[in-house]
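Using the sequences provided together with the hints, build the complete structure.
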Amino acid sequence: MPLYRDEAIVLRTHKLGEADRIVTVLSRRLGKLRMVGKGVRRTKSRFGARLEPGMHIDVQCYEGRNLDTVTQVETLDSWGETISRDYRSWTSAVAVLETCDRLTEEREPALQQYLLLSGALRAMAERDHDAGLVLDAYLLRAMAIGGYAPSFHDCAKCGAPGPHRAFHVAAGGVVCPVCRPPGSAAPAPETLRLLAALLAGDWAPADASDDRHRHEGSGLTAAFLQWHLERGIRSLRMVER
Amino acid sequence: MYEGAVQDLIDELGRLPGVGPKSAQRIAFHLLQADPADVERLAHALTEVKARVRFCEVCFNVSEAERCRICSDDRRDRTAICVVEEPKDVVAIERTREFRGRYHVLGGAISPIDGIGPQDLKVRELLTRLADGTVTEVIIATDPNLEGEATASYLSRMLRDVGVQRVTRLASGLPVGGDLEYADEVTLGRAFEGRRLLDA
Chain A
1 MPLYRDEAIV
11 LRTHKLGEAD
21 RIVTVLSRRL
31 GKLRMVGKGV
41 RRTKSRFGAR
51 LEPGMHIDVQ
61 CYEGRNLDTV
71 TQVETLDSWG
81 ETISRDYRSW
91 TSAVAVLETC
101 DRLTEEREPA
111 LQQYLLLSGA
121 LRAMAERDHD
131 AGLVLDAYLL
141 RAMAIGGYAP
151 SFHDCAKCGA
161 PGPHRAFHVA
171 AGGVVCPVCR
181 PPGSAAPAPE
191 TLRLLAALLA
201 GDWAPADASD
211 DRHRHEGSGL
221 TAAFLQWHLE
231 RGIRSLRMVE
241 R
Chain B
1001 MYEGAVQDLI
1011 DELGRLPGVG
1021 PKSAQRIAFH
1031 LLQADPADVE
1041 RLAHALTEVK
1051 ARVRFCEVCF
1061 NVSEAERCRI
1071 CSDDRRDRTA
1081 ICVVEEPKDV
1091 VAIERTREFR
1101 GRYHVLGGAI
1111 SPIDGIGPQD
1121 LKVRELLTRL
1131 ADGTVTEVII
1141 ATDPNLEGEA
1151 TASYLSRMLR
1161 DVGVQRVTRL
1171 ASGLPVGGDL
1181 EYADEVTLGR
1191 AFEGRRLLDA
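If you read the sequences in order, they're chains A and B. Under my numbering, residue 241 is the last one in the first sequence; the count climbs by one each step, no gaps. Under my numbering, residue 1200 is the last one in the second sequence; the count climbs by one each step, no gaps.
Be careful, since some hints might not be right.
[To be verified] Listed next, the in silico DSS-like pairs over lysine-lysine satisfying Cα-Cα at most 25 Å (straight line):
no.	chain 1	residue 1	chain 2	residue 2
1	A	Lys38	B	Lys1022
2	A	Lys38	A	Lys15
3	A	Lys38	B	Lys1088
4	A	Lys15	B	Lys1088
5	A	Lys44	A	Lys15
6	B	Lys1088	B	Lys1050
7	A	Lys44	B	Lys1050
8	B	Lys1122	A	Lys38
9	B	Lys1122	B	Lys1088
10	B	Lys1088	A	Lys44
11	B	Lys1122	B	Lys1022
[Claimed, not checked] A few chain A positions that, by computed beta-carbon distances, are all more than 12 Å from chain B:
no.	residue
12	Gly17
13	Arg29
14	Gln60
15	Arg85
16	Ala200
17	Ser209
Simulated from the structure, these hints should not be mistaken for laboratory data. Here the structure is a predicted model, which is why all the values come from computation and not from measurement. Note that beta-carbon positions come from the ideal geometry of N, C-alpha and C, so glycine has one too.
This is the structure we're talking about:
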């Protein structure tokens, strides 16, 4: 497969040499790929603007020994460009892209992650919902796809029917009074309902939620994500809520 | 692997940006064969640049004095500041001879994925420069990529909050000397956004 073509979303870029960039993308068919965009930092580059984080592209590459080389790119949706005009949304979008980079492996197809990522970026670009809510919904669902679905109703340890009040990150969500480990958080019931709605994609109650519960929910989501990934997501600290 | 000093030189050259092991070896052997006076001049330039060059206390451009040549030039317009990411951007804008104001070098762009936030840039220092109300226009000339755009949108929000009269962004559009059909959608879209009236 020396030459291939796929639909992809740009996750991040690194500078390479004088005017090149290493571009990490999540492609629809092939999963995460790393490729070199030659001369894309020059102002006269024909596809430099298309290889920016958050851009939805149709890319053609030549397979190389270490890194593939971009030969053609077309823009499908310029989500990244639209989102970058609003600083608050952009900080959320960068956290989405960094999380996706962490949750996916190179050359392992990840269609569900791809569809989830494209949905999140589209929602942020079209301002369907608050960017912070879209970020939290993305994080919860991306973890669910990765096998770390949190429980916000039944006990995460014994399965006892909820609702329960205590939340423990290491236990995997809410816990019943019997299973409750020491140091469990006790978030507001509205916060747990908000997180359950975000995980299920039930936007009406999520959009109607209070700032206080959104803030508490974001904290729990970030703690849950970072505990399961075993590494911090740097851009999460800079998200403007 | 070479012996002693040659290998040390190759290793040091190999740490420079954009210089790989082969290039480092080539440069090292070029220096070995060069006139000793030329090598001496290079070594002197390297030590001098570290000893003498510092950042301007006002705009954070590179300078040999406390204030750079532009900040100490009274003929430059005090009412306009052009905000750039790096000192090399100052040189690029100076080459145009279009701008007669002063500069402010941020030291990079906001990049959450690399852990660089507004507090890591010279944003606070920019706001301090604007406090006395002399500056009426701030031109944001960060790179035309998404990090540069996001930094510009952050700055424009901050500058409006402190009451700067005019916050402008450098125009994006079609490069001079190119064909329209080769322009990408983002660039062409911005060229449309920033189109101007032609004089009759």
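Okay, the hints, checked on the actual structure:
1. A/Lys38 - B/Lys1022: This hinted pair holds, its Cα atoms lying about 20 Å apart.
2. A/Lys38 - A/Lys15: Given pair A/Lys38, A/Lys15 holds - Cα atoms ~11 Å apart, limit 25 Å.
3. A/Lys38 - B/Lys1088: Satisfied, since the Cα-Cα distance of roughly 22 Å is no more than 25 Å.
4. A/Lys15 - B/Lys1088: holds, 16 Å
5. A/Lys44 - A/Lys15: holds, 17 Å
6. B/Lys1088 - B/Lys1050: With a Cα-Cα distance of about 17 Å, the restraint between B/Lys1088 and B/Lys1050 holds, given a limit of 25 Å.
7. A/Lys44 - B/Lys1050: violated, 34 Å
8. B/Lys1122 - A/Lys38: violated, 31 Å
9. B/Lys1122 - B/Lys1088: holds, 16 Å
10. B/Lys1088 - A/Lys44: holds, 19 Å
11. B/Lys1122 - B/Lys1022: Since the Cα atoms of B/Lys1122 and B/Lys1022 sit roughly 38 Å apart, the hinted pair is violated (cutoff 25 Å).
12. Gly17: Answer for A/Gly17: violated, closest chain B Cβ roughly 5 Å.
13. Arg29: Given a closest Cβ separation of 23 Å, the condition holds.
14. Gln60: holds, 15 Å
15. Arg85: violated, 6 Å
16. Ala200: holds, 28 Å
17. Ser209: Correct as stated: the minimum Cβ-Cβ distance to chain B is 25 Å, above 12 Å.
Hints 7, 8, 11, 12 and 15 from the list above are not met by this structure, while the remaining hints are.
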